[in-house]
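Read off the chains here:
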Amino acid sequence: MSVAILRHGDYLIASIRADLSDGQLLALREDLSRRVGDERIRGIIIDVAALDVIDSFVARSLRSIVEAAALRGAATVIVGIQPDVAIAMVQFNLNLESLRAVLDLDEAVAALDRLTDPEDDPDAG
Amino acid sequence: MEPEERPPDAQPPEPAEPDASLLHELVGHLRRNRGELREEWARRITDAQLLRVMTGQEIFSEVTAVYDNYVSALETGSVETLQAYARELSERIVPRGVETHEVLGIVLLLRDVLARSLFAKYQDDFDLLNRILDAYEPAANRIAVTVGVSFVEERERVIRDQQDAIRELSTPVLQVRERLLILPIIGVLDPSRARQLTEQLLGAIQRHRARVVVIDITGVATVDVTVANHLVQTVEAARLMGASAIITGLSSKIAQTLVDLGVDLGMMRTVGDLQGGLEEAERLLGHRAPPRNRPAPTQ
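Top line first, the protein sequences correspond to chains A and B. Counting from 1, position 87 in the first sequence corresponds to residue 186 in the working numbering; the numbering is continuous, with no gaps. Counting from 1, position 21 in the second sequence corresponds to residue 22 in the working numbering; the numbering is continuous, with no gaps.
Careful, some of the hints might be misleading.
Pulled from the structure, derived: some chain A residues nowhere near chain B, Cβ distances all over 10 Å [as the list claims (entries may be wrong)]:
#	residue
1	L105
2	R106
3	S120
4	D137
5	D154
6	F156
7	R159
8	R162
Short derived list, chain B residues pointing at chain A, Cβ under 8 Å [to be verified]:
#	residue
9	L130
10	L134
11	T199
12	E200
13	L203
14	G204
15	Q207
16	R210
17	Q234
18	E237
19	A238
20	R240
21	L241
22	G243
FYI, nobody ran anything at the bench for these hints, they're computed from the structure. All C-beta atoms, glycine included, are put in the ideal place defined by N, C-alpha and C.
Please put together the full structure from these sequences, using the hints given.
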């Protein structure tokens with residue numbers, strides 16, 4: 100299995116372990132989107148630290164996962180983009196605006212906490 | 002183009018071997034008149050206002066050393082000693098700001114001084130003068146080329162070293178406090194440097210777990226479309242690593258240029274100066290929600 104999906108409270112952590120085929124990416128979206136509804140998930144963390152390259156298809160798939168999850172009521176953050184990968188991504192000119200990226204798991208959990216609990220948001224108060 | 006047909010026994014035309022006795026006579030002449038020619042050369046260097054960074058005495062002692070090396074290079078036909086001396090000399094004079102045209106000028110002056118003295122000596126015997134010059138000119142030209150090339154090579158080496166040093170020095174990524182980095186950019190931002198800078202920044206973000214990066218471009222002289230795009234990419238790459246970037250130090254001139262160029266900086270958070278940037282960064286960091294494990298508000 101090249102994606103491990105772990106549950107952490109109200110969040111799912113999907114850890115991508117190796118480069119995924121197009122089919123596997125679609126399956127991942129399907130899987131996450133289903134579990135968001137079934138398990139009343141409020142946030143998804145996608146860990147891409149193991150990926151050496153994020154090409155346009157992977158970026159598009161990540162975006163579609165983010166959007167599908169958002170429609171089902173869960174926020175998504177991407178974690179663990181490596182420096183080389185980040186440089187390549189901006190050079191490919193991928194459309195990444197909807198991807199919310201953070202550095203590590205601590206940050207990811209903190210970001211989801213902020214996103215999913217508006218009453219906690221200091222900007223709101 | 003057809004290669005020229007050549008009978009198998011024909012030798013390729015060899016450059017006429019300079020007559021050993023002529024060269025010997027030439028060297029003898031230069032040795033005998035060493036004092037006078039040296040002074041003439043030094044005088045013409047001063048007259049031409051070359052080597053103005055050096056004192057007359059320095060010029061004279063270098064002139065003596067070069068003259069002797071020059072004559073022995075003429076005598077032996079080997080430029081190695083002279084080449085070594087030229088390198089060593091360049092090492093000394095390059096940091097003092099001696100220019101390439103000065104070095105070339107000096108060597109050519111010596112060639113002229115010596116040629117004139119040959120004209121003067123052999124003016125009665127045109128045929129002998131011609132043969133002496135045949136021996137002298139190729140050797141003298143070779144020496145001139147050797148000295149010039151040595152100087153330029155030395156200068157290029159110094160420039161390369163300095164470029165490396167500047168590159169190393171000019172992209173420090175500084176941690177100001179927990180999770181806050183500053184990247185002051187100074188100088189010209191060309192594509193290779195922009196890339197190196199982005200790599201360093203992203204590495205530092207990962208190492209220090211930075212959340213906010215202040216990129217200060219006060220020291221960047223000009224910002225054009227290319228530089229602006231590099232900045233946009235750097236900011237975007239930092240965002241993919243989970244850090245927000247704040248650009249500071251955009252001068253009024255640069256701001257107007259960017260507006261005129263129509264560069265889209267909508268994605269970038271910009272603040273006037275470094276102080277403002279740090280305040281903004283503190284605000285971003287300070288506004289972070291504390292961890293969730295604090296006591297839940299009582300209903």
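Hint-by-hint comparison with the structure:
| no. | hint | in the structure |
| --- | --- | --- |
| 1 | L105 | holds, 18 Å |
| 2 | R106 | holds, 17 Å |
| 3 | S120 | holds, 23 Å |
| 4 | D137 | holds, 24 Å |
| 5 | D154 | holds, 14 Å |
| 6 | F156 | holds, 17 Å |
| 7 | R159 | holds, 15 Å |
| 8 | R162 | holds, 13 Å |
| 9 | L130 | violated, 68 Å |
| 10 | L134 | violated, 62 Å |
| 11 | T199 | holds, 6 Å |
| 12 | E200 | holds, 6 Å |
| 13 | L203 | holds, 3 Å |
| 14 | G204 | holds, 6 Å |
| 15 | Q207 | holds, 6 Å |
| 16 | R210 | holds, 6 Å |
| 17 | Q234 | holds, 4 Å |
| 18 | E237 | holds, 5 Å |
| 19 | A238 | holds, 4 Å |
| 20 | R240 | holds, 6 Å |
| 21 | L241 | holds, 4 Å |
| 22 | G243 | holds, 4 Å |
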